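Produce the entire structure from the sequences given, and follow the hints as far as they go.
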Amino acid sequence: MSNRATTAASERVATIGATGGPSLRLPLTLVAVAIVFVVGAVAPTQFAGDFVLRLGNEGLLLGMLALSVAFLMNQAGLVALGAASIYGGAGLLFAIAMNDWNLTPMGALCASFLIIVVYATVLGALIVRTNPLAFMMLTLAAGEMISHAVMLEGLRDYTGGADGLVVSFKGTVFGMEAADFASPARFWVVVWLATWLAGLALWAVGRSRLGAILRAVRENEERMRFSGFDTYLPRLIAYVLVNIVAAVAGLLHVLNAGFVSPESLGISVSTNALVAALMGGIAGSVGPILGGLIFSFAQDEFGGRGLTQLLTGIAIVVFIVVFPRGVVGGLSGMAWLRTRAFGGRRETS
Amino acid sequence: MIALLIANSLALASLLIMLASGLALIYGLRDVINFGHGAIYMLGAYLGYTVSLVGGFWLALVVVPILLALLGIAFEYLALRPLQGRSHIEVALVTLGLGIILGQIIIFFYGGVARSVDAPQILSGSVTVLNLSYPVYRIFLIVMGLGSCVLLALWLRFTSSGLHVRAVSQDPSVARMMGINADRLSLLVTSLSTAFAGVAGVLAGPYMSIDPGMDVTMIVNCLIIVVIGGTGSIGGAIVAALLFGFMQVAGSVFLPNIAALVPYILLMVVLLIAPRGIGRGRVLS
Amino acid sequence: MLQIENLSVSYGSVRALSDVDLEVRGDGILHGVIGPNGAGKSTLLDAVCGRRRPIAGTVRYRNEDITRRSVAWRRRQGMARSFQRTSIFQDLTVHEQLHLVAQHLGDDRLDDVIEVMDLTGYLHQKAGRIAYGVQRRLDVALALIGRPHLLLLDEPGAGLSAAETLHLFEHLRDLVRERKIAAVVVEHDVDAVFACCGKVTVLDLGRHLATGTPQEIRANHRVVAAYLGTAA
Numbered sequence: 000m001s002n003r004a005t006t007a008a009s010e011r012v013a014t015i016g017a018t019g020g021p022s023l024r025l026p027l028t029l030v031a032v033a034i035v036f037v038v039g040a041v042a043p044t045q046f047a048g049d050f051v052l053r054l055g056n057e058g059l060l061l062g063m064l065a066l067s068v069a070f071l072m073n074q075a076g077l078v079a080l081g082a083a084s085i086y087g088g089a090g091l092l093f094a095i096a097m098n099d100w101n102l103t104p105m106g107a108l109c110a111s112f113l114i115i116v117v118y119a120t121v122l123g124a125l126i127v128r129t130n131p132l133a134f135m136m137l138t139l140a141a142g143e144m145i146s147h148a149v150m151l152e153g154l155r156d157y158t159g160g161a162d163g164l165v166v167s168f169k170g171t172v173f174g175m176e177a178a179d180f181a182s183p184a185r186f187w188v189v190v191w192l193a194t195w196l197a198g199l200a201l202w203a204v205g206r207s208r209l210g211a212i213l214r215a216v217r218e219n220e221e222r223m224r225f226s227g228f229d230t231y232l233p234r235l236i237a238y239v240l241v242n243i244v245a246a247v248a249g250l251l252h253v254l255n256a257g258f259v260s261p262e263s264l265g266i267s268v269s270t271n272a273l274v275a276a277l278m279g280g281i282a283g284s285v286g287p288i289l290g291g292l293i294f295s296f297a298q299d300e301f302g303g304r305g306l307t308q309l310l311t312g313i314a315i316v317v318f319i320v321v322f323p324r325g326v327v328g329g330l331s332g333m334a335w336l337r338t339r340a341f342g343g344r345r346e347t348s
Numbered sequence: 000m001i002a003l004l005i006a007n008s009l010a011l012a013s014l015l016i017m018l019a020s021g022l023a024l025i026y027g028l029r030d031v032i033n034f035g036h037g038a039i040y041m042l043g044a045y046l047g048y049t050v051s052l053v054g055g056f057w058l059a060l061v062v063v064p065i066l067l068a069l070l071g072i073a074f075e076y077l078a079l080r081p082l083q084g085r086s087h088i089e090v091a092l093v094t095l096g097l098g099i100i101l102g103q104i105i106i107f108f109y110g111g112v113a114r115s116v117d118a119p120q121i122l123s124g125s126v127t128v129l130n131l132s133y134p135v136y137r138i139f140l141i142v143m144g145l146g147s148c149v150l151l152a153l154w155l156r157f158t159s160s161g162l163h164v165r166a167v168s169q170d171p172s173v174a175r176m177m178g179i180n181a182d183r184l185s186l187l188v189t190s191l192s193t194a195f196a197g198v199a200g201v202l203a204g205p206y207m208s209i210d211p212g213m214d215v216t217m218i219v220n221c222l223i224i225v226v227i228g229g230t231g232s233i234g235g236a237i238v239a240a241l242l243f244g245f246m247q248v249a250g251s252v253f254l255p256n257i258a259a260l261v262p263y264i265l266l267m268v269v270l271l272i273a274p275r276g277i278g279r280g281r282v283l284s
Numbered sequence: 000m001l002q003i004e005n006l007s008v009s010y011g012s013v014r015a016l017s018d019v020d021l022e023v024r025g026d027g028i029l030h031g032v033i034g035p036n037g038a039g040k041s042t043l044l045d046a047v048c049g050r051r052r053p054i055a056g057t058v059r060y061r062n063e064d065i066t067r068r069s070v071a072w073r074r075r076q077g078m079a080r081s082f083q084r085t086s087i088f089q090d091l092t093v094h095e096q097l098h099l100v101a102q103h104l105g106d107d108r109l110d111d112v113i114e115v116m117d118l119t120g121y122l123h124q125k126a127g128r129i130a131y132g133v134q135r136r137l138d139v140a141l142a143l144i145g146r147p148h149l150l151l152l153d154e155p156g157a158g159l160s161a162a163e164t165l166h167l168f169e170h171l172r173d174l175v176r177e178r179k180i181a182a183v184v185v186e187h188d189v190d191a192v193f194a195c196c197g198k199v200t201v202l203d204l205g206r207h208l209a210t211g212t213p214q215e216i217r218a219n220h221r222v223v224a225a226y227l228g229t230a231a
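The listed protein sequences derive, respectively, from chains A, B and C. Residue 325 in numbering that gives the first Met the number 0 is what sits at position 326 of the first sequence, and the numbering runs on without skipping anything. Residue 200 in numbering that gives the first Met the number 0 is what sits at position 201 of the second sequence, and the numbering runs on without skipping anything. Residue 74 in numbering that gives the first Met the number 0 is what sits at position 75 of the third sequence, and the numbering runs on without skipping anything.
In case anyone wonders, no lab produced these hints; they're calculated from the structure. The structure presented is a predicted model; accordingly, all values stated were derived computationally and were not measured. It cannot be assumed that every hint is accurate.
Here are the simulated distance ranges between beta carbons [stated by the list, open to error]:
no.	chain 1	residue 1	chain 2	residue 2	range
1	A	Val51	B	Ala73	39 to 45 Å
2	B	Met0	A	Met175	54 to 60 Å
3	A	Met175	C	Gly120	57 to 63 Å
Residues of chain A clear of chain C, computed beta-carbon distances all greater than 12 Å [said to hold, decoys possible]:
no.	residue
4	Leu27
5	Val121
6	Arg155
7	Gly160
8	Gly170
9	Trp191
10	Ala203
11	Asp229
12	Gly265
13	Val321
All residues carry an ideal CB built from backbone N, CA and C; glycine is no exception.
In structure tokens form, the structure reads like this:
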């Protein structure tokens, strides 16, 4: 998953054409990756203070959300502007499940995950059929729909309305207690692990046949149909997959924060994820996650002065206009795939 | 009762038509959705508020559209033209970013508070028509909406630029091959679109409150209308705006608990039944 | 192999095809379709391959009425189409896109297609970077994958020189004969059509004008009149 070492090594050894599964890697690269994984999991908890760790946790969560946005953009050419509704929605459902349905923490986790994934599937089934521009509009609309739904008078008791919901749980989730999730250091390890899993999973999908089909459909949807492909199902699957990642991030967030606010469902979280993806680079898995971290630390710098939203807007414009290739190499069509294998790997920028 | 419903729908639809048709025009011409359209509308509303304070409502109605037309020209030259070669998604994202920036600038100058604008004396109060008392201002709104529809239709039908716009909207490749000066046309369409957004913004002041979230609300409404109407179809946008207005108003009367969700339900239903939208649009790939 | 009956297609209020009948057998000869501009040739292919819904008439493929079937289904059943405006995958290499389609259609003899269409030297270049003539060949090659039974080629010679077009047609004629498949080729270059096609159909203003061997068509007065006379 580490960028440059993998790219260089694999270009030497990569086989042409997509078959299922990753191409050969030199053992050296694997070792390097493993070292990064272990060091990254442990070092921050030892050397960084709680405040930095908190920022790091936020950064990784945003990074996961950015990953979901980036993957769909890079592979399918679709921009999803409603990521926050899945992220916040999953957390909200967990809170409701805990508070109102009296489920165990694990039960609540499963229930909320299932519900949000079903929602994403139904929504995707409706909107993935449209062209990319309409898709973008519709995800924005769907995101706002959820925001409005949460603020409805009638549902205020469930959703907490503008005040949000506090959720605390007794018992364990995957063997960890509420205090473990709330602790910045211990949560960092959990999020780090989850981020790596999500990143690897999506990277693998990108390298698979599904990834190849998605990219070809993005290139020329009509010709794909004329070559006998169903162009609807692959995109629907991709949409559901990225929303699974977003949902996981949202659930982790609520486990850590113990609180869900309507802001976490709002459009600014969606645009933050978009900016994080653009900053880090939408190709591959490392970029968006890095972008999330950068965004989180930058927001701490500038957020105090109330500049975050303004800078978000500026960042979107700048990263598309000024840095089209290196950072947003995916969108401008020039640098979609620089490697010979069908890897959605990070561009050398 | 029904009459009241229809009248209220028309009033709301008037604003929506002005905004949605502007959006549809740009899309039909350039295949670009201006995600910042809501922010421009918001700018029109807040500027209208300021100008109204200084020189009255009518002055605002004249000055603001002109100012926003100038903004449209700047938008065309500084944003749309340079990005002509880029993919539609990228341009759409840039308009999104610009919209966010504009929204933040407005909030910076005006603070994050809602404002209200008073209707001018002539248009305030109610009038009795057929035993029903109805606010004069809303009738004015309906007249303005109708008027702009008629003007738009006349322009599209009878002027050469209108003809060109229709040609490019219906079959961009053929029209461009015919050598229609797309650049000049685009400048006209963009500034018209922003000017209309300005008119809608000024008109909105006395009708609904001006608040910092109105850009997001309005762009989502417009997007829903444009998708239902079939992106690029102006006639479809108008029909969709009427439908939207009616559903919104009826929803707030009959289903007040979920009134805010009615437009989205409408959208989902339309997507289910007619993925192409109502008009001869290009929603599907 | 292919029977078209009473086919009519409209674009809004414009009637592009009216009551066209056509029969194509899988006998290994190229069946050319020619006609003046606006004759409806591309529309005919669009209707056969499913890109356009006809307002009337039927399309029968291998004795089955397929008028309502999807584009992707028809392709999987062996009806393949190439495009007048080259429709390839610009950012994939030649080999990548051919391989992708071949895998999907279960064709393990991609090398044949590559050889026939003379693409061997271009395999690892991005399709957007190769010469136009090679792109046209790639467009046709994509249609050849999966051993189709019926080829629908839309002006394969568009943008090519007369010599290149003739060369391409000769390739196609040999390929079609070898594999005993049916092929309908819409083309503007009348010389190439007459040289390589066993049968020719002429359309004019959306109507079927004549069908016959090249010699018969050349001698047909109405065809000559259509091309030179009152036709648009």
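Exercise for the section: Could you check the structure against the hints above and give me the numbers of any it violates, in ascending order? Expected result: Failing hint: just 11.
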